[in-house]
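Asks: Quick note, the sequences are listed as chains A and B, same order.
Its first residue numbered 74, the first sequence is counted upward by one per residue in our numbering.
Its first residue numbered 29, the second sequence is counted upward by one per residue in our numbering.
Don't take every hint at face value.
[Unchecked claim] Simulated crosslink set (EDC-like; lysine to aspartate or glutamate; CA at most 16 Å straight-line):
| # | chain 1 | residue 1 | chain 2 | residue 2 |
| --- | --- | --- | --- | --- |
| 1 | B | K148 | B | E178 |
| 2 | A | K170 | A | D184 |
| 3 | B | K158 | A | D120 |
| 4 | B | K158 | A | D138 |
| 5 | B | K205 | B | D47 |
| 6 | A | K240 | A | E210 |
| 7 | A | K241 | A | E210 |
| 8 | A | K167 | A | E210 |
| 9 | A | K135 | A | D120 |
| 10 | B | K173 | A | D151 |
| 11 | A | K240 | A | D261 |
| 12 | B | K176 | A | D151 |
If you are wondering where the hints come from, they were derived from the structure by calculation, not from laboratory data.
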Amino acid sequence: MRIRNLEKRIGDFQLKIEDLTIEEGKIHGFVGGNGSGKTTTAKLIMDIIQPDAGRIEYGGLKLTDITMTSQRPYLLHDTVYANLVYPLKIRGRKPSKEQIQELLALFGMQDKAKQYARSLSSGEQQKLSMLRAMIFEPKLLIIDETLSNLDPESVEQFERMILEIQKKRPVTWIMISHRLSHLYRLCDRMHFFSCGRVIASGTAEEILFANEEPEIRRFMAKELVQRGEYDL
Amino acid sequence: MNGIENLVNRLFSDVGVYDAIRVTLCMSVCSTLLSSVFGIALGLTLERFSFPGKRIVVRINRTLMGVPPVVVGLVVYMLIMRRGPLGFLGLLFTVRGMILAQTLIITPIICGMTYSYAVKTAPAVRVFAKTMGASRLQTSLLLVKEMKYELYFAMISGFGRSISEVGAVMLVGGNIKGNTRTMTTAIALLKSQGIFHEGLTLGLLLLAMAFVIQCLADFLRREVREEENY
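Next comes chain A alone, as it looks inside the complex:
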């Protein structure tokens, strides 16, 4: 997928991406400060908002092959099970009980299938939204800060799960996160956003360790000090 000369103005904020390539089957990380344009770009890819100019070349991808989860996911007024099977239901696919149980077990939620989804804790809601996004095997998954409310154990579990999926059947991921250590462990490519522009793209090593861009150094220092992430 390729983004070319994409422009979007929202109030005083102006997003302008000249050229951004999302390689198939790779894990991409969108990183940058608040209001730098990461989520706006994701929404443009998802066609939730429309650009003022420029275009997104989906390269054969259909919008129904793309999904996105957010920090505060929308859960249906229904059970965990109903939420989980919704993407299958609208595609006319019948969910197998084993598949559902297997998926829920990934996050230790196998006994919560009949529970009302909105009564789950915020961390469990995020887990559910991620499982729901993965159940219909999309080709591109956008994870927008969805891991922020998860405990370290769940984040680790999630990372393992992504890496396992990538081994079996490579999927394209766009991970939007502030957790640099998390992005560093997972991402094949990282794209640094600042003031509505992508100021650097490259491997995690290139962006985090070899880039001399003052904006990136400043962000790195701030994030690492604030979060105490010295495990890089």
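On the provided structure of chain A, position chain B as indicated by the hints.
Replies: Chain B alone, transformed into the frame defined by chain A:
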């Protein structure tokens, strides 16, 4: 004991309580169903589309939510009276005419409530549906499903307004015993005849019906509350 028996006999024979209850329920149920179809569709459409003058339309609808029923009754009367533009339909002094008036009274209420709920709910549902790859039809169905308690509540509010209404049905229906007499118009008649005890008994019966409806509305409201995250 004899007094109560006499009261019941008088109510059920002279005033025609059975018929009044039947007419009241028939009129209220039919007008609520019709208003729900129009009101929900209009409310959702109003939320979905932007057009010049939309704010004015919303304000007009809000004004109509509180329109005095007797005014609607008068307008409907003028429309369906023999020499009126819809006189050929023969709706004057019929239950169908009363249903028409009631539908005009309740539709703005259901439309307004649907619109208010949809403004809060629809954007999130649409984004969610988009991320799941739902079609337009699937998104619309999902929106209705996600708003089901709110829509029930709007319908119940409309029904509550309908069974307690007197001005419009009196004008359009004519309060004909066994035909267009409703519980409220029967009470008005009893009052004009100075028969207060019977009027009060009928009023209590109407109150009991309204109470049952409120219980149902309260139950739905509780359902919504209990579903909130903790």
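Asks: So, for every hint listed, does it hold in this structure?
Replies: Quick rundown of the hints versus the structure:
1. Under the criterion of a C-alpha separation no larger than 16 Å, the hint pairing K148 of chain B with E178 of chain B is consistent with the structure, at around 11 Å.
2. Only pairs whose Cα atoms come within 16 Å are accepted, and K170 of chain A paired with D184 of chain A is accepted, the gap being roughly 13 Å.
3. This hinted pair checks out: K158 of chain B and D120 of chain A have alpha carbons roughly 8 Å apart, not beyond 16 Å.
4. The suggested pairing of K158 of chain B with D138 of chain A holds, with an alpha-carbon distance near 11 Å, which does not exceed 16 Å.
5. Distance hint between K205 of chain B and D47 of chain B is fulfilled; the C-alpha atoms sit about 8 Å from each other, no more than 16 Å.
6. Taking the CA atoms of K240 of chain A and E210 of chain A, the gap is about 14 Å. The hint holds against a cut of 16 Å.
7. Our distance criterion of 16 Å between C-alpha atoms is met by K241 of chain A and E210 of chain A, whose separation comes to about 12 Å.
8. Simply put, K167 of chain A and E210 of chain A have alpha-carbon atoms about 14 Å apart, close enough for the 16 Å limit, and the pair holds.
9. Taking the CA atoms of K135 of chain A and D120 of chain A, the gap is near 11 Å; set against the 16 Å cutoff, the hint holds.
10. With a C-alpha separation of about 10 Å, the suggested pairing of K173 of chain B with D151 of chain A holds against the 16 Å cut-off.
11. Between K240 of chain A and D261 of chain A, the direct Cα distance comes to roughly 14 Å. Compliance with the 16 Å bound is thereby established for this hinted pair.
12. At most 16 Å may separate the alpha-carbon atoms for a hinted pair to count; K176 of chain B and D151 of chain A meet this at roughly 12 Å.
In the structure shown, no violation is registered for any of the earlier numbered hints.
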